[in-house]
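**Student:** Sequence:
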Amino acid sequence: MNLNNNLKSKNNSFKKWLVPIISIIVFIFIIFNVINKPKVVWEETYNTNTSYFTDVELNSNGNFIVVDSEGIITKLNSRGDKIFINKEYSRIFESFKSIISVSDGYLILGKKLDEYLLLKIDFDGKKRWIKSFNGLHNMEKIDENQIILFGTNENNGYEYLFNIDSNGNERWSTNFKKIAIKKRTVDTSYMAKASINFMTAKKLGDHYVLAGYVDGGMFTTWGYTCILDQYGNEISSQLTGQESDGKQYEDIHEVKDGFVLIGDQYIDDSDYDAGILRTSYLKIFVFKIDESREYRTKYLKTPYLSAFIISSEKLDDNSLLLLGGTFNPKALSTQSNFIMKVNTNGNQKWTKTFSKEIEIESLKKISDKEFILVGKKNNKGYISKIKLP
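Here our numbering is used: the sequence shown runs in plain steps of one and ends on residue 461.
No lab work stands behind these hints, which were simulated from the structure alone.
Keep in mind it's a predicted model, so treat the numbers as computed, not measured.
Check before you lean on any hint, since a few could be wrong.
Derived CB-CB ranges, DEER-like [stated by the list, open to error]:
{"hint": "1", "residue 1": "GLU442", "residue 2": "ASP215", "range": "29 to 37 angstroms"}
{"hint": "2", "residue 1": "LEU276", "residue 2": "ILE157", "range": "32 to 40 angstroms"}
{"hint": "3", "residue 1": "TRP244", "residue 2": "ARG151", "range": "22 to 30 angstroms"}
{"hint": "4", "residue 1": "LYS265", "residue 2": "SER150", "range": "44 to 52 angstroms"}
{"hint": "5", "residue 1": "LYS441", "residue 2": "GLN407", "range": "24 to 32 angstroms"}
{"hint": "6", "residue 1": "LYS373", "residue 2": "ASN247", "range": "21 to 29 angstroms"}
{"hint": "7", "residue 1": "ASN225", "residue 2": "GLU115", "range": "22 to 30 angstroms"}
{"hint": "8", "residue 1": "GLU216", "residue 2": "GLU442", "range": "31 to 39 angstroms"}
{"hint": "9", "residue 1": "LYS373", "residue 2": "ASN239", "range": "40 to 48 angstroms"}
{"hint": "10", "residue 1": "LYS199", "residue 2": "GLN407", "range": "32 to 40 angstroms"}
{"hint": "11", "residue 1": "ASN228", "residue 2": "SER391", "range": "36 to 44 angstroms"}
{"hint": "12", "residue 1": "GLY304", "residue 2": "GLU326", "range": "17 to 25 angstroms"}
{"hint": "13", "residue 1": "ASN228", "residue 2": "LYS459", "range": "42 to 50 angstroms"}
{"hint": "14", "residue 1": "GLN420", "residue 2": "ASP215", "range": "26 to 34 angstroms"}
Here are the simulated lysine-lysine pairs, DSSO-like style, with alpha carbons at most 30 angstroms apart [stated by the list, open to error]:
{"hint": "15", "residue 1": "LYS199", "residue 2": "LYS249"}
{"hint": "16", "residue 1": "LYS198", "residue 2": "LYS183"}
{"hint": "17", "residue 1": "LYS275", "residue 2": "LYS249"}
{"hint": "18", "residue 1": "LYS147", "residue 2": "LYS159"}
{"hint": "19", "residue 1": "LYS373", "residue 2": "LYS109"}
{"hint": "20", "residue 1": "LYS154", "residue 2": "LYS437"}
{"hint": "21", "residue 1": "LYS198", "residue 2": "LYS452"}
{"hint": "22", "residue 1": "LYS428", "residue 2": "LYS192"}
{"hint": "23", "residue 1": "LYS250", "residue 2": "LYS199"}
{"hint": "24", "residue 1": "LYS370", "residue 2": "LYS386"}
{"hint": "25", "residue 1": "LYS355", "residue 2": "LYS249"}
{"hint": "26", "residue 1": "LYS213", "residue 2": "LYS452"}
{"hint": "27", "residue 1": "LYS441", "residue 2": "LYS275"}
{"hint": "28", "residue 1": "LYS213", "residue 2": "LYS436"}
Glycine residues also receive a C-beta, built at the ideal position from the N, C-alpha and C atoms.
All chains, please: the whole structure from these sequences, using the hints.
**Tutor:** This is the structure in structure tokens:
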């Protein structure tokens, strides 16, 4: 009898403390997740009819220059209030893809019919010049007076690079021929030519590091990196992955013990030989090359079935902020966007998912803790400022 009473007393005592302990754990969990997530400082939407913001750049006065999908330029103050809107370029360009700041203005990549042109404007939005480059599709800022242009030669399919100054004058250029890859069928394998597609470039010391992918068609891609000397001559190149990997690099950053490449990978687990079809998906990975030239791949654990990378920024603590999207493989569409903080070994710190009506096109760093996001919300131009924990 005494034993039963003692057990009941202990159970009652345990129950008495159980609720407060659980409450404290839940409270700590909530506080931790609130504190360790970025906060939206402010956000604004703009009635832009059918267009949306595609990219943003910060100027020295703390104002923003925003370009959109219909060739319109908008200048906003540090709070997101409209200073001016310039529609004159929409008569020339169908859309603007990206914008970068240079020492005396901005360079904007815009589309006209089937080609991209490079537009330079001053700080007041006035045109300096427009230049055409054969097959131009992307640009990367190296410094205030040095830009890398990526293009594809329409005649032979070769990838080319132009290194230009802020006035569009060529410093050097180089071509990359198609490379031989081994492709397989059910019965045999054969050699084929595949095109190189560069997505990003960084200058590390006296060298340029390029990253992208080799396109074999039908979701068959290999990650591809290349190192050039200061004059654009190739020093080395590296093809990574197997035929089924579907890898491609989207961004590159120098870190204290080497450099990292951020990318995504198309994965298809189907067994076609056995007639078994499974849902394909995308995974984000961090590919690190340390000082000893050892390669390590880390796949990020995310709360999403399928995710891809859009862009990234390096933070002062040597970690990375990734902008990505979740993907519906069956519908072949983006479901929502997210930002994620990871260290250079690919370990996730936190993730923030945006509501489905917000579609983020670009992420730009203001300071180590503050970032500007642009895109669209409910078919309106969208901009917001966030602050990291």
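**Student:** Take the hints in turn and mark each one as holding or not.
**Tutor:** Tested hints:
| no. | hint | verdict |
| --- | --- | --- |
| 1 | GLU442 to ASP215: 29 to 37 angstroms | violated (22 angstroms) |
| 2 | LEU276 to ILE157: 32 to 40 angstroms | holds (39 angstroms) |
| 3 | TRP244 to ARG151: 22 to 30 angstroms | violated (42 angstroms) |
| 4 | LYS265 to SER150: 44 to 52 angstroms | holds (50 angstroms) |
| 5 | LYS441 to GLN407: 24 to 32 angstroms | holds (28 angstroms) |
| 6 | LYS373 to ASN247: 21 to 29 angstroms | violated (40 angstroms) |
| 7 | ASN225 to GLU115: 22 to 30 angstroms | violated (42 angstroms) |
| 8 | GLU216 to GLU442: 31 to 39 angstroms | violated (21 angstroms) |
| 9 | LYS373 to ASN239: 40 to 48 angstroms | holds (46 angstroms) |
| 10 | LYS199 to GLN407: 32 to 40 angstroms | holds (39 angstroms) |
| 11 | ASN228 to SER391: 36 to 44 angstroms | holds (41 angstroms) |
| 12 | GLY304 to GLU326: 17 to 25 angstroms | holds (19 angstroms) |
| 13 | ASN228 to LYS459: 42 to 50 angstroms | holds (48 angstroms) |
| 14 | GLN420 to ASP215: 26 to 34 angstroms | holds (31 angstroms) |
| 15 | LYS199 to LYS249 | violated (35 angstroms) |
| 16 | LYS198 to LYS183 | holds (18 angstroms) |
| 17 | LYS275 to LYS249 | holds (22 angstroms) |
| 18 | LYS147 to LYS159 | holds (12 angstroms) |
| 19 | LYS373 to LYS109 | holds (17 angstroms) |
| 20 | LYS154 to LYS437 | holds (20 angstroms) |
| 21 | LYS198 to LYS452 | holds (25 angstroms) |
| 22 | LYS428 to LYS192 | violated (34 angstroms) |
| 23 | LYS250 to LYS199 | violated (37 angstroms) |
| 24 | LYS370 to LYS386 | holds (17 angstroms) |
| 25 | LYS355 to LYS249 | holds (29 angstroms) |
| 26 | LYS213 to LYS452 | holds (28 angstroms) |
| 27 | LYS441 to LYS275 | holds (24 angstroms) |
| 28 | LYS213 to LYS436 | holds (13 angstroms) |
Going down the numbered hints, you'll see the structure goes against 1, 3, 6, 7, 8, 15, 22, 23, while the others check out.
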